[in-house]
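So the protein sequences, as listed, match chains B and R.
Note that the working numbering has the first sequence beginning at 1, numbered continuously upward.
Note that the working numbering has the second sequence beginning at 1, numbered continuously upward.
Be aware that one or more of the hints could be misleading.
[Stated by the list, open to error] Computed cross-link-like contacts, DSBU-like style, restricted to lysine-lysine with a CA-CA straight-line distance of at most 30 Å:
id: 1; chain 1: B; residue 1: Lys42; chain 2: R; residue 2: Lys559
id: 2; chain 1: R; residue 1: Lys179; chain 2: R; residue 2: Lys190
id: 3; chain 1: R; residue 1: Lys155; chain 2: B; residue 2: Lys35
id: 4; chain 1: R; residue 1: Lys278; chain 2: B; residue 2: Lys54
id: 5; chain 1: B; residue 1: Lys35; chain 2: R; residue 2: Lys232
id: 6; chain 1: R; residue 1: Lys190; chain 2: R; residue 2: Lys132
id: 7; chain 1: B; residue 1: Lys35; chain 2: R; residue 2: Lys559
id: 8; chain 1: R; residue 1: Lys179; chain 2: B; residue 2: Lys54
id: 9; chain 1: R; residue 1: Lys559; chain 2: B; residue 2: Lys68
id: 10; chain 1: R; residue 1: Lys108; chain 2: R; residue 2: Lys132
id: 11; chain 1: R; residue 1: Lys232; chain 2: R; residue 2: Lys142
id: 12; chain 1: R; residue 1: Lys223; chain 2: B; residue 2: Lys42
id: 13; chain 1: B; residue 1: Lys42; chain 2: R; residue 2: Lys203
id: 14; chain 1: R; residue 1: Lys120; chain 2: R; residue 2: Lys155
id: 15; chain 1: R; residue 1: Lys142; chain 2: B; residue 2: Lys70
id: 16; chain 1: B; residue 1: Lys35; chain 2: R; residue 2: Lys149
id: 17; chain 1: B; residue 1: Lys54; chain 2: R; residue 2: Lys149
id: 18; chain 1: B; residue 1: Lys65; chain 2: R; residue 2: Lys443
id: 19; chain 1: B; residue 1: Lys54; chain 2: R; residue 2: Lys108
id: 20; chain 1: R; residue 1: Lys120; chain 2: B; residue 2: Lys54
Everything labelled a hint here was simulated from the structure, so no lab data went into it.
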Amino acid sequence: MTRLNLVLLLAVLASALYLVRTQYESRRLYVELEKAQAESRKLEAENERLQVEKRAQATPLRVEKIAKDKLQMRTATPAITQYVTSREDAVTGANEGAAR
Amino acid sequence: MSKSVRYTSSPLLASKTPVWRSKFIVAGIALAFTGLVGRAAYIQIFDNQFFIDKGKVRFTRTLELPANRGRILDRNGLILASSVPAPSIWAIPEDVEASKPQLAELAKLLGMSLADLNKKLADEDKTFVWIKRQVDDAVAKKIHALGIKGIYQRKEYKRQYPEGETIAHVIGFTNVEDKGQEGIELAFNKELTGRAGSRRVIKDRLGRVVEDIGEQVPPVDGKDLQLSIDSKMQFVAYQKVRDAVIANKALSGSVVMLDAITGEVLAMANYPSYVPDKRENMTGAQLRNRALTDTFEPGSVMKAFTIGLALESGRVTPQTVIQTAPGSINITGTTIRDAHPRGALTVQQVIQVSSNVGTTKIAMEMQAREMWETFSQAGLGQKPQITFPGVVSGRLRPYKTWRPIEQATMSYGYGLSASLFQMARAYTVFGHDGQILAATLLKSDEPAVGVQVFSSNTAAEVRKMLEMAAGPGGTGQKAQTLGYSVGGKTGTAYKQVGKDYGTEKDRKYRGWFVGMAPIDKPRVIVAVMIDEPSAGKRYGGDVAAPVFSELVQQALRMKGVQPDMSVKPQIITQAVEESL
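So that you can see chain B by itself, here it is in the shape it has in the complex:
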């Protein structure tokens, strides 16, 4: 009888300790999850910020300025544009070859 009780006591103790460990582990993992989620939010915000920045670097104003000043480009007009239609691809393609 005493022996059985002793075994049961040990079993209860082991189970209790295991529970403590599991709880601890679960909380530790939860903290990690939290951290990862926070990181993801931060990266999302960063992504948004960078997208806006990218956009700010590519505003029509800036594009035009660089195209005009740095690359010496000018606005296309119908006079210097050759319009092609898909059916006549073959013909205009030949013309374009000649143009070059």
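Since the structure of chain B is provided, determine the placement of chain R on it from the hints.
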């Protein structure tokens, strides 16, 4: 035993203790314990909420889950406005411990003088003071790295407007609390604002979240809003109207461009504008979206509707001859004049040369009610169905109060008023085969269904007249553009100053142009207004038509519309040696 004190020798104790006394004590103690047990049981089992709550307060926290404000995009999905994190820096002055160089560094990072910073930190009684709100994320990180005690950061969001002043009047802006204050930001604040969520968590000693309790309410982000604006066309529109205002030393200028097929607003720009990020020293005048909030007498632009009605009702044909000599007409004692007297004109030519007398003669044969109905259907005196703060309806008096002279002046656009946006929209009647379209600022994928005002035949006839008006011998020749046929009506008006239009010397003018292109199958409708040009030129045909020309050229090219007029090609056919 022998040396012990003999208590019993005390006569007081000699008497025998009665048994009930000890029993009484035992019972008393037992009762006390029962009371304790009872109380414990009560607290633990029956009324446990109070202490459970007390416990929770000590380790659970409710965290707010912030929702992001929706973005505003242009029709191609490019960002026009977006919220980015911008932490605010605050301090508890009495806790601040920093060395001189640290404070100097902090001041430098915040872009403020050391004296200013010290002033903010001087009041030690305060437990909270904003140092600077909404600094850049990068700067905030550097400040965090300084590690000054007593300086804290609060997570906040700031609205960024990459397109800046070119579209400021349409988008508007938000305040420091991320609430819409102007423009689209205000009109659609509800849709753009998300709903913050919340969650309850258990935090450990170090403030880390270790467990969730209960259900969490997820945050609902604000909806993204896609506008009908094309940011490239918007830029061109802003640039051209700015150049025109500067070149003509004008007070202001506005331009509205509509898609003639869908009724979407492709561009709406005003100059002077403002940079949404730098709103100090801003005045109300700068803030207004003049194209929508300012009304003016549309003048000659209205003639197209008067003539359209005359054609529609079969009173005239485009070739009917109207005698406009001697260049003036008397209506109930008031004389209406043409700037340049002409003789007999066909109805087409009346529009082409913009004859007041011709238009008046045609209008006087019509009923006031008919004219009022047509003008109303064209959207005059009606508030445009557009969600935007401060939209005005203009003024169109009920026809029963019209006197004959008023009917005459209204036929050529005086005595009534409209915004530039209303005029652009009114011209969809001619651009969309007689139907007026509901102009919208939001991108729509459905084909537009308009309300029929004129038959498509009448619309085509008026378009032909508008083409003549913008062609040789017309008032708006400068509206012509390379490769595309255009049509439109110029307008020049004296501005009403006080009660009248001023004297010859101090008259103020306003010039505009409303037109469309390509004329056979219009794709865009553009309305341009230049207010108080004062550099010599003052006619709509001289100040506003060139803006129309440049804008239409760019817009149609961006839309990929093939030119409908032959152009002398300047394509270089010989191989040119590339310069290296």
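Against the structure, the hints come out as follows:
no.: 1; hint: B:Lys42 x R:Lys559; verdict: 39 Å, violated
no.: 2; hint: R:Lys179 x R:Lys190; verdict: 9 Å, holds
no.: 3; hint: R:Lys155 x B:Lys35; verdict: 17 Å, holds
no.: 4; hint: R:Lys278 x B:Lys54; verdict: 20 Å, holds
no.: 5; hint: B:Lys35 x R:Lys232; verdict: 41 Å, violated
no.: 6; hint: R:Lys190 x R:Lys132; verdict: 28 Å, holds
no.: 7; hint: B:Lys35 x R:Lys559; verdict: 48 Å, violated
no.: 8; hint: R:Lys179 x B:Lys54; verdict: 25 Å, holds
no.: 9; hint: R:Lys559 x B:Lys68; verdict: 22 Å, holds
no.: 10; hint: R:Lys108 x R:Lys132; verdict: 12 Å, holds
no.: 11; hint: R:Lys232 x R:Lys142; verdict: 36 Å, violated
no.: 12; hint: R:Lys223 x B:Lys42; verdict: 20 Å, holds
no.: 13; hint: B:Lys42 x R:Lys203; verdict: 21 Å, holds
no.: 14; hint: R:Lys120 x R:Lys155; verdict: 20 Å, holds
no.: 15; hint: R:Lys142 x B:Lys70; verdict: 35 Å, violated
no.: 16; hint: B:Lys35 x R:Lys149; verdict: 24 Å, holds
no.: 17; hint: B:Lys54 x R:Lys149; verdict: 35 Å, violated
no.: 18; hint: B:Lys65 x R:Lys443; verdict: 29 Å, holds
no.: 19; hint: B:Lys54 x R:Lys108; verdict: 26 Å, holds
no.: 20; hint: R:Lys120 x B:Lys54; verdict: 35 Å, violated
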